[in-house]
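Protein sequences appear in the order of chains A and B. The working numbering numbers the first residue of the first sequence as 1 and each following residue consecutively. The working numbering numbers the first residue of the second sequence as 1 and each following residue consecutively.
These are computed hints drawn from the structure, not numbers from a lab. Check the hints yourself; a few may be wrong.
The list cannot tell twin chains apart, which means a pair is met if one copy fits it or any two copies do.
[Said to hold, decoys possible] Derived lysine-lysine pairs resembling DSBU-like cross-links, with alpha carbons at most 35 Å apart:
1. 29 x 156
2. 29 x 41
3. 328 x 156
4. 40 x 266
5. 156 x 27
6. 22 x 156
7. 31 x 296
8. 22 x 410
Remember, predicted model here, so these are calculated numbers, not experimental data.
Spelled out, the chains give:
2 protein chains.
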Amino acid sequence: MEMGSANHEKAGLFARGWWWLKMLPEKFKDKVTEIASNTKKLGQDDPRRVIHSLKVGLALTLVSLFYYYQPLYNNFGVSAMWAVMTVVVVFEFTVGATLGKGVNRGLATLLAGALGVGAHHLASLSGQIGEPILLGFFVFLQATTSTFIRFFPKIKARYDYGLLIFILTFALVSVSGYRDDEILELAHKRLSTILIGGSACVVLSILVCPVWAGADLHSLIALNIEKLGNFLEGFGSEYFNKSEDDQEAKDDKAFLQGYKSVLNSKAAEESLANFARWEPGHGRFQFRHPWIQYLKVGTLTRQCAYRIEALHSRLNSDTQVLPEVREKIQETCTKMSTECGKALKDLATAIRTMTKPSSADSHVANSTAAAKSLRTLLKSGIWEDADLLQVIPAVTVASLLLDVVNCTEKIAESVHELASLAHFETVSSPIVPEEKPQQPNTASDCPHVVVTLTEMPSVLAENKNMTSESAMRGRYIEVM
Amino acid sequence: MEMGSANHEKAGLFARGWWWLKMLPEKFKDKVTEIASNTKKLGQDDPRRVIHSLKVGLALTLVSLFYYYQPLYNNFGVSAMWAVMTVVVVFEFTVGATLGKGVNRGLATLLAGALGVGAHHLASLSGQIGEPILLGFFVFLQATTSTFIRFFPKIKARYDYGLLIFILTFALVSVSGYRDDEILELAHKRLSTILIGGSACVVLSILVCPVWAGADLHSLIALNIEKLGNFLEGFGSEYFNKSEDDQEAKDDKAFLQGYKSVLNSKAAEESLANFARWEPGHGRFQFRHPWIQYLKVGTLTRQCAYRIEALHSRLNSDTQVLPEVREKIQETCTKMSTECGKALKDLATAIRTMTKPSSADSHVANSTAAAKSLRTLLKSGIWEDADLLQVIPAVTVASLLLDVVNCTEKIAESVHELASLAHFETVSSPIVPEEKPQQPNTASDCPHVVVTLTEMPSVLAENKNMTSESAMRGRYIEVM
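Using the sequences and the accompanying hints, generate a full structural model.
Now the structure itself:
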């Protein structure tokens, strides 16, 4: 019996092995197809990735040929390799990151080079035995101190790469076995090659299809606010009508999931803001554009997203809202949600078009009014006859929506602050054509109208997908 | 009149200037004191930072002297500088990050070096005019492809640095003006110096006070769960008794704020998990420890934190809960919250001590039972005479707490899964001395007892503050 089963197992193993072998080419083909489609998607999601790759290729080829050609080579010697290195390491996806690294690298090399020459000279005065001891001490002291300084959060955010290059250059220069005059020549060559490589990167990244971290941050913040707006615009009808049109609801799910990426956008926003501070004025952004205010708006947006996460979990709870409970607060709640959604979408449009967010104010006012009337409604004791357990889900949603109205007000306030800090333009006739501040009561009847999407400038619309990607990329690339 | 005011202004300006000058030394002193205290705090928060800095200093000094000494220098020539570079760039805070970068750097250099030699040889066959064209083409193709590959999220997470070094080495080797045999010698020297530098880093980072990314992830996850537990344990009495002991409440605020860091811990957790996968088995962790499961636990913890954020906003809302409303659900709600808190803290302890989280089960059961009795209570229509608006805050809190109970169950489930995947030990007698699973009803009477803090192993307790710091650090440091 056991033998038989062992044989059987063996045969099964062989069969499986044979089957696996037979499937190998097919699996390989599948894998290749998968990779190809992934690659295509990656490029289509953000064509700037392809352009960036080509830019890096171009810069590196130019600098490599500079390294290759003998006349230049004789002039710079091995130092020319620093130009190649600089290009590979400094060329980043956004202009801000490239500039930041370039400046860090240049200044750190200059400073550490000077200090290194000094240390080398000082050590050489102390005799044959003292020299290595003193040099070792200098290197140890400098590396330990600089490494510790890199732990300071503020310094890490902006000068981490500079400190790394500082450690490196100091060590290389101070311990090099050259004579003082040789070192100076070497330092000069290295600095000029780094300058050549760095400028190639900066010039290419600014002149050929530049990717501005500031513009990315700008549209990321607007996009995040819009995502919350999309959710809230649809939430009311989604929640209160969910028993009726389950099918339709499922088709629409995308706008209900959009907010989720907002929950974890903090790191991306912060790194973009850090890069943006390195960037010169460009397009509609001045040099000292208030990037910090974007982070404040982002924080408030995230706080609103946490409330929405709580709301979203209500959508999936099994507890069915009873019709008699529902219809009593449906209109007011839907209105609160829709008006908040519209306000947020108007705020997003205002940020995108860099205009004063005056059109959002009426929606904020509408939502506050709806919140007030909800409170009055609840005070009137509408459900005295209903079972409290049945009422709870609806009341919770109402209460969370009251929170959301609160958050929306705060976001609106911070966007107003941003508008005044960044000198957004005032528009006399708002661009939003469906704007009906005079008839706020009709607004709640059409929660599914997508009002603002078409007004988004197409350039920014194109940028939507890759903002957080470029930020993530920035976070991962550093050094030497 | 105008003159007078101008004079006055001028005098004021001078006075202010003088005052500013007089204050300068004091300001400078203040600044120095501030920096000194910041530095001290940074070191005290995580003494491992100081040790890491000393380790880097030591490694760099060793390798620098190796570079300095003439006999060795003659052997390796300028290539010895690659050892210095490698140390500066590869030495990271955690063992995993150091190993990952070392392996990436070594393999990428080997592979790109071989390909570069091939490209160089191929180009040299095509005559004087063809050579630079072909070389430029190779470099362009390689740099463009590799840069694009770096955009793939999975590759970026683990091999970003390797690809960068690949681009760099290929360009340097293929365009170098040397003859083929010279190149081979150069490549050999460079590879060995990189190996020397890399091994120095790896050996030092593993042997001298190692900082394991895996252990950090482990304690970060436990700490985050514990923070939520602390909040929930205190929340009940904080919310329902807030009118009575406002003063005491303010003293305790720290445990109510702790959860906030959990909201944004995703990036830190992911980067630690990435580093941990490079690490060999160490201490209580095997080589293939289920790090991915930690991320799952972390995600569920964060989802619970979002609910807690909604609960927290209830604490600060102006709406006062009426005593008659409060006292009806106070006991059940407090019990739900406290039991969830205890369950979470037991789960955290179970993770820390790597034991099966059996003691948490009774608390989870208690909280589920309390949730059930809350539902029954609400069904009984306790507030039929109360004003609904007055009831809303309490009902919302109750409903959010029901959500939290749900989340806690999920977290418990995922920790159980982790325990079985990572083969946590079964304890016959739970370590928790205050554990009273037989008398669950008494538990809700003492929500402020801090049960588990003292049981945390002191080594891990020491690690608490810097886990996310070390993760952030990892995210910022890269390349060449």
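Taking the hints in turn, this is what the structure says about them:
1. 29 x 156: between (45 Å within a copy, 24 Å between copies)
2. 29 x 41: Within one copy only: 18 Å inside a chain, 57 Å across chains, cut-off 35 Å.
3. 328 x 156: neither (55 Å within a copy, 52 Å between copies)
4. 40 x 266: both (28 Å within a copy, 28 Å between copies)
5. 156 x 27: between (45 Å within a copy, 25 Å between copies)
6. 22 x 156: So residue 22 and residue 156 pass the 35 Å test across copies only (33 Å; inside, 54 Å).
7. 31 x 296: between (44 Å within a copy, 27 Å between copies)
8. 22 x 410: For residue 22 and residue 410, the Cα distance exceeds 35 Å both inside one copy (63 Å) and across copies (42 Å).
Of the numbered hints stated above, those contradicted by the structure are hints 3 and 8, listed in ascending order.
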